[in-house]
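In case it helps, mature numbering (1 follows the signal peptide of the UniProt record, and there is no 0) puts the sequence shown at residues -31 to -1, 1 to 233.
Treat the hints loosely; a few may be bogus.
[To be verified] Listed below are the simulated DSBU-like cross-link pairs for lysine-lysine, each with C-alpha atoms no more than 30 Å apart in a straight line:
| # | residue 1 | residue 2 |
| --- | --- | --- |
| 1 | 65 | 162 |
| 2 | 12 | 164 |
| 3 | 162 | 109 |
| 4 | 33 | 164 |
| 5 | 153 | 164 |
| 6 | 65 | 32 |
| 7 | 153 | 12 |
| 8 | 109 | 155 |
| 9 | 33 | 65 |
| 10 | 109 | 153 |
| 11 | 164 | 32 |
| 12 | 153 | 65 |
| 13 | 65 | 164 |
| 14 | 32 | 12 |
| 15 | 12 | 155 |
| 16 | 109 | 32 |
| 17 | 33 | 12 |
| 18 | 164 | 109 |
| 19 | 155 | 65 |
| 20 | 162 | 12 |
[Stated by the list, open to error] With beta-carbon atoms standing in for the labels, derived distance ranges:
| # | residue 1 | residue 2 | range |
| --- | --- | --- | --- |
| 21 | 35 | 92 | 20 to 28 Å |
| 22 | 62 | 189 | 38 to 46 Å |
| 23 | 125 | 105 | 36 to 44 Å |
I should point out that these hints are in silico values taken from the structure, not numbers from a laboratory.
C-beta: ideal position from N, C-alpha, C; glycine also.
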Amino acid sequence: SLQLRVSSFSMRLSRLIAWLLLVAFFHWVDGQDHNSFSDAYSKQVWQLAYWTTAVSPQTCVPKKNPGWQVLSVVTAQGEPIFGQALAVVSVSESLKQVNVHFRGPDSMTTFVLSGYTYLLQSNFPVQSFEGMDVASEFAKTFTALWQGGLRTAMNTAWEDYCDFPILITGDSVGGCPAQMLAVKLKLLGMWEKSKISIYSYASPRCGYQPFALAVEASSLVTYQLRYNEIVFNYPPTSCTSINAASPQNCFWHAGVTLRIGPSL
């Protein structure tokens, strides 16, 4: 049917765009100076994140990332900008590390039909997450995943690998539930700050200043990897050097921003 053909095309287009971003990311990190941001490690992070969103991550993750295995795949109906939300929990016993990756929109169709409309709105409703204001679409999607199996998956990972550091990653709007998970784990006492790292790929601003500060207080490393994606600039912020009277009531980015490619 036409609907199936459109769905198949949008899925192939989504994979193509992700692959092109992967190539662009590899090219960018190859030209960076060696500093606290490890080029080789950052490539591994993105490649692992990429394959966790495959149709069969249990097969693709260990095949494309030797030493890694998938522990849990959690899906839930997210807000319109996400579509079917996805979180994948993996572990590498050889590297002694746990990874949780959050997918962005489930397809280009979702982003074009729902996400773009979301980004163009002038008002971004907020709701409380652990006592801090965040964009409601992100909080609702995280809650759906958390209650839909992520809480159980994290409890299992904690019981089996509590001494391993945990790397939390998120692509596009998936960067917001990634940040929320870091805050949640820290508050629950499951992983301490020194063992939590966050890599967000073009994540939008997820919440007001108190939330951004909580994210940074919950993780040893928080990298905001920025490429030419419109999502990075949303929700917009009114906090500027001229108008900074109430920064606590503005959307803020969390972490250190590293640019991939030309500046927006």
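### Task
Measure nothing beyond the straight line between the CA atoms of residue 162 and residue 109; if it is 30 Å or shorter, mark the hint as holding.
25 Å, holds
### Message
So if I understand the rule, the pair passes when the alpha-carbon distance is 30 Å or less; does residue 12 with residue 155 pass?
### Response
26 Å, holds
### Message
Holds or violated: residue 164 and residue 32, Cα atoms, limit 30 Å.
### Response
26 Å, holds
### Query
Given the proposed pairing of residue 153 with residue 65, does the C-alpha separation stay at or below 30 Å?
22 Å, holds
### Task
With a cut-off of 30 Å on the C-alpha distance, tell me whether residue 32 and residue 12 pass.
Holds, because 16 Å separates the two Cα atoms, which is no more than 30 Å.
### Query
When you check the alpha-carbon spacing of residue 33 and residue 65, does it fall within 30 Å?
With Cα atoms ~18 Å apart, residue 33 and residue 65 stay inside 30 Å; holds.
### Task
Would you mind confirming whether the straight-line C-alpha gap from residue 153 to residue 12 stays at or under 30 Å?
27 Å, holds
### Task
Take a quick look at whether residue 153 and residue 164 sit within 30 Å of each other, Cα to Cα.
Since the Cα atoms of residue 153 and residue 164 sit roughly 14 Å apart, the hinted pair holds (cutoff 30 Å).
### Agreement of residue 109 and residue 155 with the hint, judged by alpha carbon distance not exceeding 30 Å
Satisfied, since the Cα-Cα distance of roughly 20 Å is no more than 30 Å.
### Task
Compare the distance between the alpha carbons of residue 155 and residue 65 with 30 Å, and conclude whether the hinted pair is satisfied.
19 Å, holds
### Query
Within 30 Å, alpha carbon to alpha carbon, are residue 33 and residue 164?
Roughly 25 Å between the alpha carbons, so the hint for residue 33 and residue 164 holds.
### Task
Mind checking the alpha carbons of residue 65 and residue 164 for me, to see if they're no more than 30 Å apart?
It holds: about 11 Å lies between the C-alpha atoms, which stays within 30 Å.
Consistency with the previously given hints fails for numbers 16, 21, 22 and 23, ordered from lowest to highest.
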